[in-house]
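Enquirer: Here's the letter readout for the chains.
Number of protein chains: 4
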Amino acid sequence: MSHQFGRLLQLTTYGESHGARIGGILTGMPPGINLDTNLIQEKVNRRKASQNLFSTPRNESDIVVYHSGIYQGKTTGMPIAFSVENKTKKSEDYDNLKDIYRPSHADFTYHQKYKNYDYRGSGRASARETLNWVIGGAIAAHLIPKIQIFPYVSQIGHFSLLENELEDITNAFDYPLHFPNLRKGEEVMTYLSEIQAQKDTLGGAISCIINNLPVGLGEPVFYKLQSALAAAMMGINTAKGFLLENAIQTSQSRGSQVNDEFDEDFKTKTNHSAGILGGISNGMPIGFTVYFKPISSIGKPQNTVTHEGLSTQIEIGGRHDVCAVPRAVAVVQGLTELVLADLWLLDRLHNTKIY
Amino acid sequence: MSHQFGRLLQLTTYGESHGARIGGILTGMPPGINLDTNLIQEKVNRRKASQNLFSTPRNESDIVVYHSGIYQGKTTGMPIAFSVENKTKKSEDYDNLKDIYRPSHADFTYHQKYKNYDYRGSGRASARETLNWVIGGAIAAHLIPKIQIFPYVSQIGHFSLLENELEDITNAFDYPLHFPNLRKGEEVMTYLSEIQAQKDTLGGAISCIINNLPVGLGEPVFYKLQSALAAAMMGINTAKGFLLENAIQTSQSRGSQVNDEFDEDFKTKTNHSAGILGGISNGMPIGFTVYFKPISSIGKPQNTVTHEGLSTQIEIGGRHDVCAVPRAVAVVQGLTELVLADLWLLDRLHNTKIY
Amino acid sequence: MSHQFGRLLQLTTYGESHGARIGGILTGMPPGINLDTNLIQEKVNRRKASQNLFSTPRNESDIVVYHSGIYQGKTTGMPIAFSVENKTKKSEDYDNLKDIYRPSHADFTYHQKYKNYDYRGSGRASARETLNWVIGGAIAAHLIPKIQIFPYVSQIGHFSLLENELEDITNAFDYPLHFPNLRKGEEVMTYLSEIQAQKDTLGGAISCIINNLPVGLGEPVFYKLQSALAAAMMGINTAKGFLLENAIQTSQSRGSQVNDEFDEDFKTKTNHSAGILGGISNGMPIGFTVYFKPISSIGKPQNTVTHEGLSTQIEIGGRHDVCAVPRAVAVVQGLTELVLADLWLLDRLHNTKIY
Amino acid sequence: MSHQFGRLLQLTTYGESHGARIGGILTGMPPGINLDTNLIQEKVNRRKASQNLFSTPRNESDIVVYHSGIYQGKTTGMPIAFSVENKTKKSEDYDNLKDIYRPSHADFTYHQKYKNYDYRGSGRASARETLNWVIGGAIAAHLIPKIQIFPYVSQIGHFSLLENELEDITNAFDYPLHFPNLRKGEEVMTYLSEIQAQKDTLGGAISCIINNLPVGLGEPVFYKLQSALAAAMMGINTAKGFLLENAIQTSQSRGSQVNDEFDEDFKTKTNHSAGILGGISNGMPIGFTVYFKPISSIGKPQNTVTHEGLSTQIEIGGRHDVCAVPRAVAVVQGLTELVLADLWLLDRLHNTKIY
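Protein chains in written order, with numbering that gives the first Met the number 0: chain A, 0 to 354; chain B, 0 to 354; chain C, 0 to 354; chain D, 0 to 354.
For the record, the hints were derived by calculation from the structure and aren't laboratory data.
Among these hints, one or two may not hold up.
You can't tell identical chains apart in this list, so a pair holds if it fits in one copy or across any two.
With a Cα cut of at most 27 Å, we get these calculated BS3-like pairs of lysine-lysine [what the hints assert, rightly or not]: (1) Lys73 to Lys97; (2) Lys114 to Lys198; (3) Lys97 to Lys299; (4) Lys97 to Lys114; (5) Lys145 to Lys198; (6) Lys352 to Lys145; (7) Lys198 to Lys352; (8) Lys86 to Lys183; (9) Lys145 to Lys268; (10) Lys97 to Lys145.
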């Protein structure tokens with residue numbers, strides 16, 4: 000039950016970084032929807048490693064294959080199974096990690112919890128799993144084509160973008176590092192080169208704006224829109240925090256300063272509520288930011304211990320990103336798509352006619 | 000399905016602020032556990048309004064009644080149903096709100112979503128629901144008595160506590176406002192009096208430290224410990240953000256600065272990971288902070304619209320807290336208990352013997 | 000998770016035979032539906048003990064109380080909590096059972112499984128729980144008012160009704176024993192008097208006809224209409240078998256004998272399929288029969304063992320029905336209502352529009 | 000949610016008869032269990048078509064491929080994904096069915112429910128899906144190796160086996176037609192040849208004995224052992240009824256005749272309860288029978304209608320079994336394995352220690 004996402008639109012996933020395939024089953028898609036598989040593949044490609052993103056040299060083609068649930072280009076209402084081959088796994092890269100716990104890495108907790116942990120490439124803890132989410136989200140997005148989701152890198156290391164520095168966030172994927180300020184982006188790239196040369200890694204943040212939401216997404220009490228989004232985002236590898244837009248500033252304010260007065264069209268004059276009232280979308284834009292710690296796999300020498308608890312040193316080789324944040328932008332998009340499509344389906348139930 | 004919390008330990012709740020009772024059913028508690036109902040009531044009392052907390056004058060006795068699942072003081076393994084009477088509801092306080100949308104309030108979204116919204120006291124959107132969570136959590140805590148959970152108010156308005164200003168957070172409930180710095184707490188109370196006099200409200204933040212966790216709580220992929228905590232906390236009324244300890248600072252750092260090296264006892268020398276690796280507890284303390292916007296119900300005049308979209312003004316009477324944050328400390332505790340007890344149960348499954 | 004019934008329309012129940020109350024929470028009812036609470040109470044009353052039904056002298060008033068989810072007579076879309084007081088529990092009746100396993104009774108398996116079993120009145124294994132199902136079903140029925148459900152007693156002991164002996168099954172609740180043949184019913188009552196005099200009990204069967212179903216109820220693969228009905232019915236206390244109409248005869252036939260040819264209005268000329276094709280209703284009537292063993296609690300002396308495994312004898316006193324089947328007719332109705340209403344909601348999802 | 004089976008051990012499946020692959024994801028298997036993939040393949044082979052079984056000439060190799068969750072021959076605790084290629088699909092066989100509803104076939108209900116139904120080979124309604132269940136069950140069986148499950152064909156058409164005619168049911172798969180009486184089996188085969196020559200089909204029944212069960216499988220109220228078994232079995236294509244052993248006879252009896260007295264070892268002298276008390280296994284053998292109607296696809300001319308409701312005639316070609324019952328024996332086994340393994344996991348939770 001912990002490998003399944005969503006309530007009516009459910010994505011069940013499988014796969015290890017070094018297994019034959021990773022993939023998933025998406026259930027709950029209504030029948031009769033035309034699937035644009037080119038668009039899905041394009042969204043998948045945005046997550047791929049590239050020098051542009053200072054990411055791992057592991058170069059996967061990542062072609063999505065569909066096994067079921069589509070007939071003559073349309074959804075049939077049946078489970079949509081998909082998978083992607085793991086082509087370039089080099090398990091031998093990991094042989095020296097076999098008996099060692101990497102600092103700040105999941106292999107300690109997985110090994111303690113499951114005993115016979117597959118140490119190669121982190122198994123299910125690998126960020127390769129996020130590929131499944133991008134695919135699932137890209138399919139789900141066909142349920143809610145009007146909703147516009149614009150994620151972008153808003154911070155890398157200590158470089159962050161103020162609101163007036165943002166260029167075209169609606170096309171963030173066209174910017175190097177998906178950081179929507181060309182000039183500052185170049186500074187960041189220079190800095191990332193230094194970090195890479197030092198065999199180190201860097202954290203950052205992704206912000207996301209959602210426009211054109213209908214009123215009514217989000218369920219009361221335990222499946223509020225902000226809860227669903229936070230749970231999804233906090234599940235991304237290395238995520239450490241989730242803030243709705245201006246969360247901290249608002250928490251320092253008075254009610255009279257941050258209440259949003261309604262206009263006669265039911266839009267609000269301000270949007271301190273970040274588009275959500277009582278856990279339900281009010282039709283205004285939603286903004287949020289997710290904070291990521293640096294990837295723990297660094298090439299620098301580190302002290303650590305073996306599985307038996309003996310002190311040792313480690314220098315982690317293998318293929319790792321300098322900064323995972325740019326590649327995670329596609330993941331934020333995919334998860335947002337999954338959350339909103341699921342909530343759209345749930346909201347349909349409140350309009351059910353009787354028989 | 001949106002009125003249910005947890006996967007193996009499931010709390011299903013019901014009740015409106017102005018209905019006869021609120022309550023819930025907790026399923027999944029193993030049999031044979033001695034329930035300390037005095038302790039449960041004490042935890043419930045910590046959430047009660049009091050002048051000490053600058054909270055609503057609505058004074059509920061909030062006595063928990065149990066309907067099932069307990070025999071001779073022990074759990075039977077069957078559903079534990081509980082409820083609390085709503086004694087002092089004054090629905091007439093809300094009559095003037097009948098046709099008006101309060102700014103930044105759930106009544107707009109509920110009415111749009113469900114059409115025949117019960118406007119009195121916010122229905123299911125009322126913070127009275129959080130009482131159910133405190134009760135559920137207090138029962139659940141009997142599964143994990145060794146784990147220590149210490150929530151406290153770390154910020155009210157612009158007053159926040161630096162780490163070196165914290166006094167005894169293990170007894171935060173003994174401090175006025177549950178703000179563990181006596182001197183600064185008095186300043187805050189003075190400030191809250193001013194805010195109250197101005198018929199305004201104030202936001203804030205709650206931090207929480209969890210000690211003595213076993214290794215292994217948290218499930219891979221979609222039910223990671225940080226996801227479960229974030230979803231829970233973001234569901235509290237007016238919550239706007241969730242950060243694991245030092246989330247923002249860590250996101251601005253290099254891997255080499257924030258990786259946690261292991262000692263030979265498998266503890267780590269530092270705890271930048273905030274007690275979680277790969278979504279699973281590593282045995283180190285967990286820290287997090289939740290940010291809350293001010294309560295939207297203020298006595299000051301505000302511009303708004305009627306259900307028909309006509310401009311009007313409103314001054315909200317009724318019984319409302321100046322700052323909800325102190326009362327929410329008990330709620331943070333209850334939700335943390337529910338999350339950890341559920342993850343404890345889930346983790347048991349990985350040790351299942353075969354038959 | 001085993002105290003919850005349904006997928007979108009979910010009934011979570013609690014309560015022991017000898018606790019203070021039994022009750023439940025029904026989630027998933029859409030908002031805006033007028034609830035006829037008199038009709039619900041009437042359906043509850045049909046399950047009550049009466050001499051007419053040769054049932055337990057325990058005489059409960061069984062007044063349903065609602066705690067939430069209803070406003071101005073309509074559903075609000077929020078959880079509907081209800082409960083019923085257990086008024087006439089006489090726990091002392093059970094004192095002599097404290098250390099003894101009754102033959103063919105759940106107290107052996109419950110005690111082995113949960114250790115500290117509440118022996119009084121069978122706890123959760125008591126048929127009193129079925130009252131919750133009747134209430135839940137009676138509420139759920141408001142979603143599908145057009146569907147007609149006609150359960151009736153079709154067999155008591157060796158007395159069974161051939162098709163040509165059936166009188167008005169649409170008013171079975173008006174017949175003594177809910178056995179729709181007045182003359183034969185009198186024979187059965189005479190026989191039941193004898194059985195009662197002998198301190199014995201009797202099994203039987205309930206049949207049910209469902210008319211006016213829409214096409215499309217039932218979900219593929221693991222939630223087929225016949226699976227959902229069978230699971231529900233087999234959960235009734237003492238149920239031993241479930242057959243769709245003519246199941247055995249059909250299993251002895253050739254395809255050419257029992258295929259149902261379509262007419263031009265998509266009705267079928269025959270109905271050997273009992274209204275279900277591929278797990279989905281085809282618009283024709285559904286018929287099924289549930290078989291019940293006799294209640295195990297008999298007054299006759301029986302050999303058995305103590306909890307320590309020592310041989311002993313027992314004569315079970317307390318208040319027990321001679322034949323539980325007539326009272327179970329209301330339960331079959333309630334469960335059928337719950338199943339069909341849930342499947343109606345699920346079927347709505349296949350018509351979801353995109354946004 | 001209707002493509003998922005089980006509560007803790009969950010099998011999610013996908014695939015159409017004429018898609019590229021069918022397969023599934025099994026979650027909840029504890030880590031560290033040695034998987035015997037040869038045994039799994041052997042169980043899959045038992046379901047394969049063969050002349051011996053008078054089954055469809057479609058000859059699939061049905062080699063199970065695993066994609067995840069296994070490392071060095073052991074389960075890792077992560078999802079186990081598997082699939083099987085659909086090699087010999089001949090969609091052109093179905094071209095003449097494109098606009099016609101086959102009598103007693105799922106294509107009417109699927110088309111009405113989902114509109115754009117994939118008519119080829121019945122899509123998800125195809126019995127090819129049952130292959131997924133056999134695989135899932137064969138994996139699940141590794142959790143409960145001590146439990147012995149013996150399904151066999153107990154009836155084909157009007158030929159049925161009395162208890163004293165049963166030969167070695169523990170090796171039913173070694174008998175032609177899995178009908179454990181060699182002499183009578185030959186009569187049946189002669190009869191099946193006649194039926195086949197007449198382009199007709201035949202129904203039947205499968206019985207199953209489960210030995211060596213632990214006490215305690217089955218959850219109260221809504222997930223009783225008999226409910227779980229009945230739901231599973233009724234989901235098999237063409238299943239029409241489910242009876243626990245002697246269900247009908249017991250329903251015609253008195254309590255004093257069918258109560259099972261306990262021995263001092265807590266076994267019972269008789270087993271009228273068919274191994275289940277209060278929905279929970281009592282350690283005695285469980286017996287049940289499932290009744291199947293004949294396959295609806297017959298070669299004989301039948302009257303039917305087009306999608307537009309115009310009368311027409313049809314003679315169904317393609318590759319279909321004369322009698323599906325023998326092949327379904329492996330399916331009954333797989334589903335029983337899934338049910339019992341899931342209930343075994345659930346029962347573990349009642350022994351959970353506190354932390």
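Enquirer: Against which earlier hints does the structure fall short, listed by number upward?
Expert: Hints 2, 5, 7, 8, 10 are the ones this structure does not satisfy, whereas the remaining hints hold.
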